[in-house]
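Student: If you want the building blocks of each chain, they are given just below.
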Amino acid sequence: MALKTAKTPKIKIPKQFRSKSKLGKAPGAITYIGNRSKQDTYISVLKYNDTDYSKKVIGIQEVKSKSDTGFTSLVDVVGLTDEDAIAKIGGIYDLNNLLLEDLVDTLQRPKIDEYENYVFGVFKMLYLDGDEKLVVEHVALCLFQDTVLLFQENEDDVFGEVIKRIEKKFGRIRSRGADYLFFALLDAIVDHYFVVLEDIKEKLEVLEDEVYNDPQKESAKKIQYLKKEILRIRKWVFPVKELVNRLIHTEHHLISKETKLFFKDTFDHCLEINEDLVLYREMSTSLMEMYMTNMSNKMNEVMKVLTVMASIFIPLTFFAGIYGMNFEHMPELRWEYGYYYLWAAFILMALGLLIYFKKKDWL
Amino acid sequence: MALKTAKTPKIKIPKQFRSKSKLGKAPGAITYIGNRSKQDTYISVLKYNDTDYSKKVIGIQEVKSKSDTGFTSLVDVVGLTDEDAIAKIGGIYDLNNLLLEDLVDTLQRPKIDEYENYVFGVFKMLYLDGDEKLVVEHVALCLFQDTVLLFQENEDDVFGEVIKRIEKKFGRIRSRGADYLFFALLDAIVDHYFVVLEDIKEKLEVLEDEVYNDPQKESAKKIQYLKKEILRIRKWVFPVKELVNRLIHTEHHLISKETKLFFKDTFDHCLEINEDLVLYREMSTSLMEMYMTNMSNKMNEVMKVLTVMASIFIPLTFFAGIYGMNFEHMPELRWEYGYYYLWAAFILMALGLLIYFKKKDWL
Amino acid sequence: MALKTAKTPKIKIPKQFRSKSKLGKAPGAITYIGNRSKQDTYISVLKYNDTDYSKKVIGIQEVKSKSDTGFTSLVDVVGLTDEDAIAKIGGIYDLNNLLLEDLVDTLQRPKIDEYENYVFGVFKMLYLDGDEKLVVEHVALCLFQDTVLLFQENEDDVFGEVIKRIEKKFGRIRSRGADYLFFALLDAIVDHYFVVLEDIKEKLEVLEDEVYNDPQKESAKKIQYLKKEILRIRKWVFPVKELVNRLIHTEHHLISKETKLFFKDTFDHCLEINEDLVLYREMSTSLMEMYMTNMSNKMNEVMKVLTVMASIFIPLTFFAGIYGMNFEHMPELRWEYGYYYLWAAFILMALGLLIYFKKKDWL
Amino acid sequence: MALKTAKTPKIKIPKQFRSKSKLGKAPGAITYIGNRSKQDTYISVLKYNDTDYSKKVIGIQEVKSKSDTGFTSLVDVVGLTDEDAIAKIGGIYDLNNLLLEDLVDTLQRPKIDEYENYVFGVFKMLYLDGDEKLVVEHVALCLFQDTVLLFQENEDDVFGEVIKRIEKKFGRIRSRGADYLFFALLDAIVDHYFVVLEDIKEKLEVLEDEVYNDPQKESAKKIQYLKKEILRIRKWVFPVKELVNRLIHTEHHLISKETKLFFKDTFDHCLEINEDLVLYREMSTSLMEMYMTNMSNKMNEVMKVLTVMASIFIPLTFFAGIYGMNFEHMPELRWEYGYYYLWAAFILMALGLLIYFKKKDWL
Amino acid sequence: MALKTAKTPKIKIPKQFRSKSKLGKAPGAITYIGNRSKQDTYISVLKYNDTDYSKKVIGIQEVKSKSDTGFTSLVDVVGLTDEDAIAKIGGIYDLNNLLLEDLVDTLQRPKIDEYENYVFGVFKMLYLDGDEKLVVEHVALCLFQDTVLLFQENEDDVFGEVIKRIEKKFGRIRSRGADYLFFALLDAIVDHYFVVLEDIKEKLEVLEDEVYNDPQKESAKKIQYLKKEILRIRKWVFPVKELVNRLIHTEHHLISKETKLFFKDTFDHCLEINEDLVLYREMSTSLMEMYMTNMSNKMNEVMKVLTVMASIFIPLTFFAGIYGMNFEHMPELRWEYGYYYLWAAFILMALGLLIYFKKKDWL
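For the record, the sequence lines run as chains A, B, C, D and E.
If you want the working numbering, it's the position in the first sequence, counting the first as 1, plus 18.
If you want the working numbering, it's the position in the second sequence, counting the first as 1, plus 18.
If you want the working numbering, it's the position in the third sequence, counting the first as 1, plus 18.
If you want the working numbering, it's the position in the fourth sequence, counting the first as 1, plus 18.
If you want the working numbering, it's the position in the fifth sequence, counting the first as 1, plus 18.
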């Protein structure tokens, strides 16, 4: 049944490659999947309404399933490796076990699930670290009546600006409910995709400059690497568009009509991001093509030099060889001006070939 | 989780590349995003009905949200960099803040949003400047009961002809309402896409001529550059088709049935533009292929010359070398006609090889 | 915002390329767009019913908007360059100005619009002229109660057979109404697409033969040219499928249920044409691939000849050179059979290399 | 309007290529289109019910439109070139003329049309003849109340097994009606697609073996030929999927609910066939790629041999040339061991280069 | 009608390739199709409820169509080659013959069919055997009121963990019904797809490392082989997504609302698997491209060495040849320092060329 080849070369895989797998776990089992080392779970609560605002760090035992009346809360859980802590928090908020499983699986694809009492979403934050390297961080958002429960791997990066807007009372965030907060956090995630894409675009432009004007051997590697990065980003970013679209059309009671209007804006951004990803991929393909063309052009040039040199001097060498022969009867050797005649012939021959190559546009 | 390569080459990005980003702004914050330098906002009002027509430049404080009774107004706001002015005008017309945000974001993807009292659209004008260089200008159109509010970056280019039709009372524009004016402006934008596409087509034809008949080293660059330009244009033009389609089927009270009929025509144009873009892209791919084929053909020719020259003279040189040896016992050297016999052999060998290469069609 | 490259090569476009553009015309303005020179408009009327048949050439002033009772009329207007004549005829039949605009725009994409009193369609006739060159002719069909109004650029080509069927009373055309006539004309257009496609297929087969058995330098050009022709044809032919499909499902009172059945057949033909176009395009891509492979094969052969010649004679020349040296102390030169030993060595070396190359399958 | 190239090479088409065309025929005209020579039409009737079974050859005048009560009939018409016979049979069964047109057009795309009293389908039988060459046979099936009317070009091939099942009373075919017979025949056609695809797969595997282990110059041709065969098969097989799907969901009174269940199975087969065709095409593309890679690898090897040989012996020859010069003052020539020193230098140089090339992995 | 080529090379297929075909069998005939040798059918029954659990091996005659009241049963049939045994079991459970046909056809595409009393599904298990080779195993699942009937080719591999969860009472499997068991088995199949994909990913990474840093001649073969494996996996895995989606939206009474929630999770996994397959294919294409680029780079390097060596020494050899000539009148030969002057010229020439090549960046 399988398509067979005579000898299929075997690829040896070093054993340490194998990552933890989901295998053999009951669905709903809460197991951290990812490559961060064990870390403590750190919880902070941000409580605000139109007039008041407070922030404090709490222990797991202090987590409450409801916000104080008249307040909107952001419960920010940092660190997903401690499965017990996650399970406890999940218990307090009465979250479905399947969700908790997705929450601690950092390989989980972006998704949104709507339940009767809450809306649960898993996303990827993308941002550049200090070394301009792309970081992919797993994040989960859970919207309740007056609370947004936020799970993330690292302390705030992408959400810093949202927190600041709450603190400084910028914009309308303080006067709106938890669904707006949910939107603001998701919007911050999507806005950061633009920063990452801009970085890709800049790298493409630098590479384009390099390839068009001074292609290096390394250029191909760089292009391919960029292409792979684009593929990776698409993997995390592509599904978000559809998810946001679902939020726009949801009938869920926790998401107000005004907030849906804001999601439309986020949807526009998602559309643009996806179009840009397609565009950048096509540009990287074009770059690779250009690189190959450049390589061929260079090869052509090398070959022309070889051909010109060899075509001029090989015949001349032959004629020099003729008169280096030791025949007893070679009349030319005895001509008084033979040597000079020959030089004249050499120069004429060389000139003739040069003119021929010039005509062919090889010089 | 990330796909790892042994050594990923790092691309250095010059710092000045970073453009302003949308990051950390509250949604709805009005921040100009683009690369024009600060400029004053300049407002002019065009007021007309079937019989009367007037045009004047006004200050922001003179902007009124309603047109005079019996008149249709075109309020033309030029210059998007002055955020305060935009905010003020937005306030007068009671525009949603999210719209104003899109309006001053020149990177915003084309879109149309329908609100209860107005229809708001963001588009890209494409036109060629004096140097035949493609210019992309951000433009926003807002349709009210009897007014069209137009925001643009530069003073009239694309809309000049529409204004003239109003002035000179060409066609039916004077006798129809604001929705027809909205249509006429959008139609002018789309009509200009054809001009840009025609320019692309012409460039393709010139390049095709060049590549087919006299390919240059620069040709590849030119093709790739054209391809990238096609990708860019597609980015701005592609979404318009869907937007116009929505206008055809809208139930919005501000757009009359007769005007929808006109949008059908615009939709046809959008279809054609998109098909042409696909066609031109495929043509540019074909051109690149042809260029590569030409390069290979040239390389082949170079190699043939080298091979013919080397294959003929290298063996001859060897035989000349033989009789240049200094062995004491080399009977041929003493033959009376040895030298002439050798020449005969040389000529025969060369002829034989020439005939062989001729047969192989290498000459 | 724009993607920038260091130096973008400028493509010079000769000025005479610019064709007339639609720019700055009010929508509905009747302006001929195309590249035919001014010609007179020529009108003929074909009137028939089950028993009677007549044909006459008339002047514009004789055109009537209704056919005689009991008769079906085909009003055939040849020549689209005289805008006034078109406008007059349009006035007589009370045609929408937007339609007249499309009618005289030979770049207009195929389309069908249904109005209350008529169905209007714009198509492209494709046929091969006397020199087997592809001709694209703009044609418009307008179906009324008992009349079909036909606009075309040239006198009958594609429609000749339909006229003959009416004259000779072949088939059922005489006993059916105007909608059947409308169908018959459209069907004739689509049937001619097959002829053009067959021509493409034949050219592909001839080229395939050439590329597989005796590839020429010109072959690549021919393939690319054919590919471009396929792209062009697709542009005109592709939209027709969807249009015919709409006719099958139309509710328009002028098109009877029986005639819709016939359109199903035309739809099948459209499907097949589109599939064939895809097939031919893929075949032309395969051909190009094959051509490139052939080129590489040839290059390989050239290189092998060079390598074999050079690898055999360059070392031999070296050894001949050795014994051409003038050292005073070179014992071999004094050996009585030195020269013969060397020849033996030469022959052995050459044979060894020949066997080596034979093994590598280079000979 | 047309995209112009400076000089478009003309492809000469030998006149005998032109096949009969559909041109200028009234729709519904019954004209055989295909490349079989005129043959007699041969009719056989197979009549069966649960207990009885008979088969006889009849003349056209004996064809009856109804089966005997209690019996299911298979009327098998072999030979489509005799248009009169087809027309007569069509008349007896009161078939629409458009159907008869499709029936004798062997280029007709697969299709199914449902009429009030019958269901009509046109398909392609694909099978391998004695020489393992692909045969494409045009076949039409027409389902009536108690009869299946079968038109085919050749005598039974694909349907032999169905007839045998009826004869031998295998399975349930004898106890079910005409719709099951219709299904059984269509199923036999689809089942044979698998045989053809299996043949393609085997050829691909043989070719893969060849290309991976011992690529020949002919291999590319074979791959391209297979690719074209896959394209051709797809053309005939692809539409069947949609047709069968329509049969599953049809409301036609002649097709019972139980039989629709069987069509589901056929639909599954169609899905698989289409997926396999896609797979095989991708495999043939991969093969071509692999072939090109192999060619490049070989070229590389050739070039390396040339470079190694030339790089070692050209410098040595130069040095031998030096000491072949006839200057009067060349002290080395007088050294007692000059000749031996030089040989040592030769060997060192050659070794050095060999080590260098070895390091570069060229040997 | 067929597209003809002058001489189509014939591919010889060794006869033993032909596998058993489905040809000529009545639909519903139960015939094993696959490449396993005849084996006995082995049946075990696992019976459990919240409190009790038992497992035993039984003979065919002991198979009962109903589970004991209050228990959920897993009837595991291993071995599909014994068609009689399969038929008998099918009889006991009253399974449709068409299903039994699919069940013993190991080439059957994944599918799910819903019947009144049961839900039947056919899938492919993919797993790596001891040698890390991919195994494709055909498996059928049949869900009844309180029983899941499982058919497979080999004894447990993929399902081992599910059995263990039942035995050890892990998770909720013991307290839920047959539909949850059905889900758990299907989920185990899908989870194993991840393991296979992870293996592909690791191989890609190892190959990437190889191709980027030390490309081998074998690398291309390995990449193509991996690509083909990806194509094969896609064939089996791709249809599952749609099937699971259907289970989520099914109205079938045997599948409870809670279980559908679990299928959503499986659906997410399917989505991810399909996206990964696309990603891996694109990565393998990129790898192949990179490999080709590397080959071209190497070729370039080889050519440069040849060109540099030849361009330097061929002219020098010519000049050495000049002074090896035996003309009687060659004044330079008599110069006292002629030989040294010439060496100076040689060194200058060589240096000049080296500087030239250095400038061209060829060294």
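Note that these hints are calculated values from the structure, not bench results.
Fair warning: there could be bad hints in the mix.
What the hints assert, rightly or not - If you want a taste of the chain A side facing chain B, the calculated C-beta under 10 Å gives, among others: (1) 102; (2) 110; (3) 212; (4) 226; (5) 294; (6) 301; (7) 312; (8) 315; (9) 325; (10) 336; (11) 341; (12) 343.
Claimed, not checked - No farther apart than 27 Å at their CA atoms in a straight line, the calculated lysine-lysine pairs in the DSSO-like style are these: (13) 316/C <-> 253/C; (14) 275/D <-> 239/C; (15) 275/D <-> 239/A; (16) 239/A <-> 84/A; (17) 316/D <-> 187/D; (18) 253/A <-> 253/E.
Since the model is a prediction, treat every value here as computed from it, not as a measurement.
Note that the Cβ used here is the ideal one computed from N, Cα and C, for glycine as well.
Student: State the violated hints by number, sorted upward, taking the hints as numbered earlier in the document.
Tutor: When the structure is compared with the hints, numbers 1, 2, 13, 14, 15, 16, 17 turn out to be violated.
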